[in-house]
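K.L.:
What follows is each chain in one-letter form.
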Amino acid sequence: MRLLEIRNLHVCLPEGSERAHAVEAVDLDLAPNEILCIVGESGSGKSLTARAVMGLLPKPHVRVVDGTIEMDGEDLVSASDARMRDIRGSAISMIFQEPMTALNPVMSIGDQIDEVFRFHVSMGRRERRERALALLEDVHLPDPEYIMRAYPHELSGGQRQRAMIAMALALDPKILIADEPTTALDVTTQAQILKLIKEMQAAHNTGVLFITHDFGVVADIADRVAVMQFGKLVETGTADEVLNNPRHPYTQALIAAVPSLTPRPPRGQSAQPVLQIDSLIKTFRSGGGILGFGGGERIVKAVDDVTLELRRGETLGIVGESGSGKSTVARCIVRLVDADSGRILLNGTDLNGLGRAEMRPFRSSIQMMFQDPFASLNPRTRVGKIIMQGPLLQGVPATEAQAKARELLSIVGLDDRAYDRFPHEFSGGQRQRIGIARALALDPDVLVADEPVSALDVSIQAQILKLLDEIRERMSLSMIFITHDLRVAAQVCDRLAVMRNGEIVETGATAEVFKDPQASYTKELLAAVPGQNWRSA
Amino acid sequence: MRNFWQLYKRNRSAVAGLIILVVVVVVAAIAPILFPQDPFSLAGLAMSPPGENGFLLGSDSLGRDVAAGIAHGAKTSLLIGLLATIVAVGFGTIMGGLAGYFGGKIDDLLMRTTEMFQTIPSFVFAILLVAILKPSINSIVIAIAVVSWPAVARLVRGEFLSLKNREFVQACHTLGMSDIRIMLGEILPNCLSPIIVIGSLMVATAILIESGLAFLGLGDPNIMSWGFQVGAGRTLLRSAWWVVTFPGIAILITVLAINLVGEGLNDALNPRLRERQ
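Line order of the protein sequences matches chains V and D. With numbering that gives the first Met the number 0 applied, the first sequence corresponds to residues 0 to 536, in that order. With numbering that gives the first Met the number 0 applied, the second sequence corresponds to residues 0 to 276, in that order.
Worth flagging that the hints you see were computed from the coordinates, not collected in a lab. Take the hints with a grain of salt, since some may be wrong.
Claimed, not checked - Below are the DMTMM-like pairs computed for lysine to aspartate or glutamate, each with C-alpha atoms no more than 25 Å apart in a straight line:
{"#": "1", "chain 1": "D", "residue 1": "K8", "chain 2": "V", "residue 2": "E17"}
{"#": "2", "chain 1": "V", "residue 1": "K465", "chain 2": "D", "residue 2": "E166"}
{"#": "3", "chain 1": "V", "residue 1": "K384", "chain 2": "V", "residue 2": "D337"}
{"#": "4", "chain 1": "D", "residue 1": "K163", "chain 2": "V", "residue 2": "D337"}
{"#": "5", "chain 1": "V", "residue 1": "K197", "chain 2": "V", "residue 2": "D277"}
{"#": "6", "chain 1": "V", "residue 1": "K194", "chain 2": "V", "residue 2": "E126"}
{"#": "7", "chain 1": "D", "residue 1": "K8", "chain 2": "V", "residue 2": "D339"}
{"#": "8", "chain 1": "D", "residue 1": "K163", "chain 2": "V", "residue 2": "D137"}
{"#": "9", "chain 1": "D", "residue 1": "K163", "chain 2": "V", "residue 2": "D171"}
{"#": "10", "chain 1": "V", "residue 1": "K58", "chain 2": "D", "residue 2": "E166"}
{"#": "11", "chain 1": "V", "residue 1": "K465", "chain 2": "V", "residue 2": "E450"}
{"#": "12", "chain 1": "D", "residue 1": "K163", "chain 2": "V", "residue 2": "D371"}
{"#": "13", "chain 1": "V", "residue 1": "K300", "chain 2": "D", "residue 2": "D178"}
{"#": "14", "chain 1": "V", "residue 1": "K173", "chain 2": "V", "residue 2": "E153"}
{"#": "15", "chain 1": "D", "residue 1": "K104", "chain 2": "V", "residue 2": "E17"}
{"#": "16", "chain 1": "V", "residue 1": "K384", "chain 2": "D", "residue 2": "E262"}
{"#": "17", "chain 1": "D", "residue 1": "K8", "chain 2": "V", "residue 2": "E14"}
{"#": "18", "chain 1": "D", "residue 1": "K104", "chain 2": "V", "residue 2": "D337"}
{"#": "19", "chain 1": "D", "residue 1": "K163", "chain 2": "V", "residue 2": "E17"}
{"#": "20", "chain 1": "D", "residue 1": "K8", "chain 2": "D", "residue 2": "E262"}
{"#": "21", "chain 1": "D", "residue 1": "K163", "chain 2": "V", "residue 2": "D213"}
{"#": "22", "chain 1": "V", "residue 1": "K384", "chain 2": "D", "residue 2": "D178"}
{"#": "23", "chain 1": "V", "residue 1": "K403", "chain 2": "D", "residue 2": "E166"}
Claimed, not checked - Computed footprint of chain D on chain V, listed as stretches where at least three residues anywhere in the stretch have a Cβ under 8 Å from a Cβ of chain D:
{"#": "24", "stretch": "243 to 256"}
{"#": "25", "stretch": "360 to 368"}
Backbone N, C-alpha and C define an ideal beta-carbon position, used for all residues, glycine too.
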């Protein structure tokens with residue numbers, strides 16, 4: 000028996016878009032008690048397929064132009080708006096990527112769950128409340144009474160996602176659509192949420208349409224997998240078939256691009272330190288206001304007595320979950336943030352405490368690469384000028400800086416024509432290459448890379464990591480590589496420092512940390528990496 | 000540039016506004032050719048209705064040509080509107096930029112100052128300033144600028160606040176760029192669009208304030224303006240309606256046109272609104 004049948008689905012895009020159809024000729028089936036993962040990179044049409052099922056396409060420019068979506072024999076494409084409203088939330092429900100924006104910030108969790116009941120079934124007040132409490136209990140939220148009264152901002156990301164799941168499952172839907180539900184979560188929370196979704200799905204016999212870009216997650220959760228590229232379905236099959244024996248070249252390429260969890264072989268390295276960080280402390284204060292109005296002051300210890308050493312030619316990874324202080328360490332090192340105390344020794348000179356002017360000569364030896372390829376380049380400045388800026392500020396003559404910028408463009412694998420273009424004309428991966436070129440323009444000794452690949456699709460990610468590796472070799476760079484992704488860390492870093500709550504809980508050679516983690520937190524992190532039983536060899 | 004015109008063109012009423020505005024500018028420019036005489040001079044019979052005694056739009060109680068007044072007044076209105084806006088936008092941008100970029104104490108100081116200006120009703124404040132400074136074109140420009148800059152400062156502060164934490168600005172810090180260059184070269188170009196939009200709308204407000212001041216007799220006595228014409232003719236509203244009506248319509252149409260242009264600029268320059276149509 001089939002729960003959902005999608006036949007020959009076409010979703011059009013507004014005129015003048017890159018392609019005519021966001022989704023083209025897609026056929027999918029979903030059976031009860033089955034998890035179907037739709038995998039693809041950004042722009043593959045996976046999210047729009049899910050939204051088409053929900054009837055939530057951004058009409059009128061994006062709409063279903065051909066094909067059928069049948070749920071238990073009822074066509075959802077031609078269903079009236081009133082009927083769709085009826086179906087949404089009761090027969091089909093959805094959980095979203097970012098629970099903070101998917102929940103209404105000015106309504107308590109209890110009221111939001113209550114709404115689902117009020118709109119779809121007639122039930123007494125007390126009964127609704129009991130059902131809501133039971134739901135919160137089911138998704139293993141601690142203290143359901145408190146959660147009922149809480150507002151979304153009072154919960155952690157994982158708790159919010161649990162509340163979302165409780166809401167989605169309130170009326171026992173036949174189909175649950177999950178659109179990247181764990182992408183915004185930390186890896187340990189992700190593991191818990193995946194487990195919860197699986198558990199709930201089994202208990203309620205739900206068919207789950209799970210959308211993700213992460214093959215690790217697929218390996219952990221999927222019964223069947225559908226791979227999409229440019230709006231078309233390239234391959235479908237059972238999880239085992241697709242993951243371990245992919246037939247389509249695109250699927251093969253995608254899976255090959257997933258970084259392996261087996262650490263890279265160690266490289267020979269010198270013991271000479273380039274950068275030493277000595278008991279670095281940084282606290283953030285917020286609230287307080289002038290004259291003490293506006294409530295109490297909040298003090299957060301973002302970096303708590305961190306000591307690190309970067310040796311010449313090595314790549315040191317700093318891994319940790321969000322809020323662990325890893326980015327703050329990076330910002331302290333490049334002096335974007337002033338540390339409260341501690342020393343940052345670059346080739347023996349303490350950078351901490353240097354004024355802006357005193358710092359300037361050292362800027363060229365330590366450069367940074369940023370996470371967001373869309374925010375890290377000035378949209379109004381031409382690429383050539385972006386790369387030249389650094390050398391020009393250091394007093395390099397204009398013609399020399401120009402020649403250097405062109406040379407760097409070719410080193411990072413971009414066309415010479417890129418020189419006169421604006422950043423918006425490039426894709427995310429290309430922009431990240433421009434960011435690398437900008438950082439390299441000053442011939443730095445140390446490159447601090449803050450999550451440089453986490454905003455990129457997996458195939459692009461592999462290219463950028465390869466490029467970084469080549470450049471590191473070629474320019475004998477020492478690198479501090481900050482990431483939350485242990486797979487990436489395994490492939491890039493010679494040594495690892497694991498951070499939690501502003502403190503370093505463990506440091507060591509990558510292979511050793513992976514093989515024999517000492518701290519319990521490191522063990523927890525490693526255990527939470529999705530898909531580790533798949534391709535663990 | 001062509002791209003910008005494509006976006007602007009989509010808003011029909013903004014194009015209409017632009018055409019009206021061009022007509023007003025042309026009239027202001029060729030006023031000395033159309034009406035070579037001083038607009039204050041007595042051109043003929045007093046209180047002539049429109050179309051009679053050689054007056055296109057009639058004459059007022061002293062026999063001054065209303066049409067000549069409107070043509071010459073157009074120059075005054077546009078000039079004051081533009082000058083006051085340039086001063087207000089310039090000053091507001093500096094204050095807002097410094098407050099937003101540096102934050103902390105400087106932000107507190109500058110923003111509390113801005114709020115002090117905002118607590119006084121702007122028109123009353125403008126009257127007060129002109130009365131103290133003696134009515135002249137300079138004092139009117141200063142008065143309008145003084146009451147208009149806080150809005151710009153607030154807007155620019157907000158833009159600077161959000162842009163200064165963007166990664167491209169931080170990248171400039173890591174290159175060792177100075178604060179001034181970051182502010183002028185990196186952040187300011189990225190917040191020009193809203194500044195242009197608020198500036199264009201401010202020209203309309205400035206023209207209204209100027210007309211209001213002239214209506215109350217606080218205009219420059221040596222310069223013809225629309226507000227002055229309305230003020231001078233208001234006692235004659237029932238016996239000679241044309242004296243107040245035509246300058247009034249001129250104010251209405253010009254302010255409307257500028258607002259439409261401002262709206263059109265907003266649609267064309269604001270990327271978030273582009274998808275709306």
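K.L.:
Now look at each hint and say whether the structure bears it out.
P.N.:
Structure-based check of all given hints:
Of the pairs offered as hints, the one joining D:K8 and V:E17 holds, with about 24 Å between alpha carbons and a cut-off of 25 Å not exceeded. At most 25 Å may separate the alpha-carbon atoms for a hinted pair to count; V:K465 and D:E166 meet this at roughly 23 Å. For the proposed pair V:K384 and V:D337, the alpha carbon gap of about 28 Å is over 25 Å, so the pair is violated. Straight-line distance between C-alpha atoms of D:K163 and V:D337 comes to about 16 Å, which keeps the hinted pair within the 25 Å bound.
Of the pairs offered as hints, the one joining V:K197 and V:D277 is violated, with about 45 Å between alpha carbons and a cut-off of 25 Å exceeded. Under the criterion of a C-alpha separation no larger than 25 Å, the hint pairing V:K194 with V:E126 is inconsistent with the structure, at around 28 Å. Annotation: proposed proximity of D:K8 to V:D339 is violated, straight-line Cα distance about 54 Å (limit 25 Å). With a CA separation close to 44 Å, the supplied pair D:K163 and V:D137 exceeds the 25 Å bound.
Straight-line distance between C-alpha atoms of D:K163 and V:D171 comes to about 47 Å, which puts the hinted pair past the 25 Å bound. At most 25 Å may separate the alpha-carbon atoms for a hinted pair to count; V:K58 and D:E166 exceed this at roughly 34 Å. As the CA atoms of V:K465 and V:E450 are separated by approximately 15 Å, the hinted pair is consistent with the 25 Å bound. Restraint check for D:K163 and V:D371: the C-alpha separation of about 15 Å stays at or below 25 Å, so the hint holds.
The hinted pair formed by V:K300 and D:D178 fails the criterion: a straight-line CA distance of about 28 Å is larger than 25 Å. A C-alpha spacing of about 31 Å is found between V:K173 and V:E153, which places the hinted pair above 25 Å, so the restraint is violated. Of the supplied pair hints, the one linking D:K104 and V:E17 is violated, its CA atoms being roughly 48 Å apart against a limit of 25 Å. Distance hint between V:K384 and D:E262 is unfulfilled; the C-alpha atoms sit about 33 Å from each other, more than 25 Å.
Annotation: proposed proximity of D:K8 to V:E14 holds, straight-line Cα distance about 19 Å (limit 25 Å). Between D:K104 and V:D337, the direct Cα distance comes to roughly 18 Å. Compliance with the 25 Å bound is thereby established for this hinted pair. For the hint pairing D:K163 with V:E17, the CA-to-CA distance comes to about 33 Å; that exceeds 25 Å, so the pair is violated. Between D:K8 and D:E262 the CA atoms are separated by roughly 12 Å; this keeps the pair inside 25 Å, and the hint holds.
Using a Cα cut-off of 25 Å, the hinted pair D:K163 and V:D213 is violated, with the two alpha carbons roughly 33 Å apart. This hinted pair checks out: V:K384 and D:D178 have alpha carbons roughly 18 Å apart, not beyond 25 Å. Between V:K403 and D:E166, the direct Cα distance comes to roughly 23 Å. Compliance with the 25 Å bound is thereby established for this hinted pair. Given a C-beta distance limit of less than 8 Å, the hint that chain D covers the stretch 243 to 256 of chain V is violated, as 0 residues qualify and 3 are needed.
Requiring three or more residues with a Cβ within less than 8 Å of a Cβ of chain D, the coverage given for the stretch 360 to 368 of chain V holds, as 5 such residues are present.
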